[in-house]
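Peer 1: Chains A and R are the protein sequences, given in the same order. Throughout the first sequence, residue numbering follows our numbering, covering 1 to 111 in sequence. Throughout the second sequence, residue numbering follows our numbering, covering 1001 to 1249 in sequence.
Please note: incorrect hints may appear among the correct ones.
A few chain A residues facing chain R, derived, Cβ under 10 Å [claimed, not checked]:
#	residue
1	Gly-51
2	Leu-70
3	Arg-72
4	Pro-88
5	Phe-90
Since the hints were made in silico from the structure, they are not lab data. Backbone N, C-alpha and C fix where the C-beta goes; we use that ideal spot for every residue, glycine too.
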Amino acid sequence: MSGEQALLGLVIAALGTYLWRFLGVAFSGRINTESEVFRWMSCVAYAMLAGLVARIILMPIGLLEEASLLTRISAVTLAAGVMLWRHPRFGGLVPALILGCVFVGGVSALG
Amino acid sequence: MTEARWQFRSKQEALRRGLRDGIGVPAAVLFAGMLGFGALGHSIGLSLALTGSTTIFMFALPGQIVFAEMVALGASAWLAGLAAMITAARFLPMTLTVLPQIPAEHQSRFRYLTVHMLALTSWAVAMRDFPKMEPQYRQAYLIGMSAACYGCAIPGTFIGYLLAGQVPVPLTLALLFVNPLFFFLTFFEVKPVANRLALVFGAAVGLSVYVVFPDYSILAAGAVGGSLAYGLNRWREQRTQARADGLPR
C-alpha cells in the first residue's frame, strides 16, 4: 500500500471509529437508565467485550500465539484466584494482573 | 446503592480524582497495550507516523491492530478502514450505557470531543464507580479518567515502536497479555445478573462465530449473546415475580 493509500485508509478507519462514538452521544439523551432499552444495551456492550476478550485469550493472532494455550489458561486461572483472594495486600486486581502477565512472560522465558 | 458514596466538593475535585485514578491501573494497562501495539507496527513494517496516528485519531486498540495488519498485508484502503470500523461498533453500546448516567444539565459542552478519549478501560471503570458518586460529578470524573488514558496511550505507542526488536520476546508477551487479562479480571466486578449472563453468552457466541466468520465475531457476540442474556434474565425476573405474586408457574 502506498503512502497515500495508507493515509486514505487511516481517514476511513478514524472516521468509522468516531462515527459510533458520535451516534452514542447523539442518542444517549433519549435513553433512560431505568429503561429496558438501557438494560439491553448494557448486555450488548458486556457481551461484545466478553467475545473480544475470550477470543484474544483463547485464539490470539500474532505474537501472543507464542504462549501456548495451556500457559494462557493457567495464567488466567491463577490471576482469577488472586483477584478473588481477600488478602489486603496480595489479593485483588493489581496483584492478579501482575502475576498473570509475569507468568506468561516467565513461562516463555524458561521454555 | 449500599456502597459508600465518594464525596466531592466541586467538579474540579472530581476531575482531579478521575485523573489520579486514571493514572493508576487504567493508564498503565493502556500504556502497556499501546507499547505492544507500537512494537507490532514496527514489526510489520508500518511507518512511525502511521502507527502513532492510529492511536491519536482512532484510539481503539482492537481496530488499530486489525487496521495495521490489513495495511501490512496490502489490503485496499477501503477494506482496511471498514474492517477497523466494524470492530469499533462496541463504542455505540459503550457510550449509550455510560452517558445516560450523567444528567443532561451536567454533561460537558465538549462531549462530542471528549468522547473520542473514551476507552474500554475508562468505560469499565466508569461503569463500576459511577454509582459511588453523585451524578453531577460523573462527567468531570470521566473526563479526568479518559484524559489520563489518552495521554498515556500516545507516548506508549511511540515508545513501543522505537523499542521494538530491542525488547526480549517474553517481555513483549507479558505486555501483550496486560489488556485481555485486565478486562477478564474486571468481569469479576460486574454485579447485575443480566450483565453477568451477557459475559458468558458473549464469550460463547463470539468464540463460535470467530471459527466460521472471524470478521463478524464481535458484532455477533454483542447482538446475539447480549440479547440472549437480556431475554433469559427477563424471563427469570418475570418467573420470580409470578412466584412472589402467588400465581402458578
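Peer 1: Now, for every hint given, state plainly whether the structure supports it.
Peer 2: Hints and how they fare:
1. Gly-51: This interface hint holds because 2 Å falls under the 10 Å limit.
2. Leu-70: violated, 14 Å
3. Arg-72: Hint holds; A/Arg-72 Cβ to chain R Cβ min 8 Å, cut 10 Å.
4. Pro-88: violated, 17 Å
5. Phe-90: violated, 15 Å
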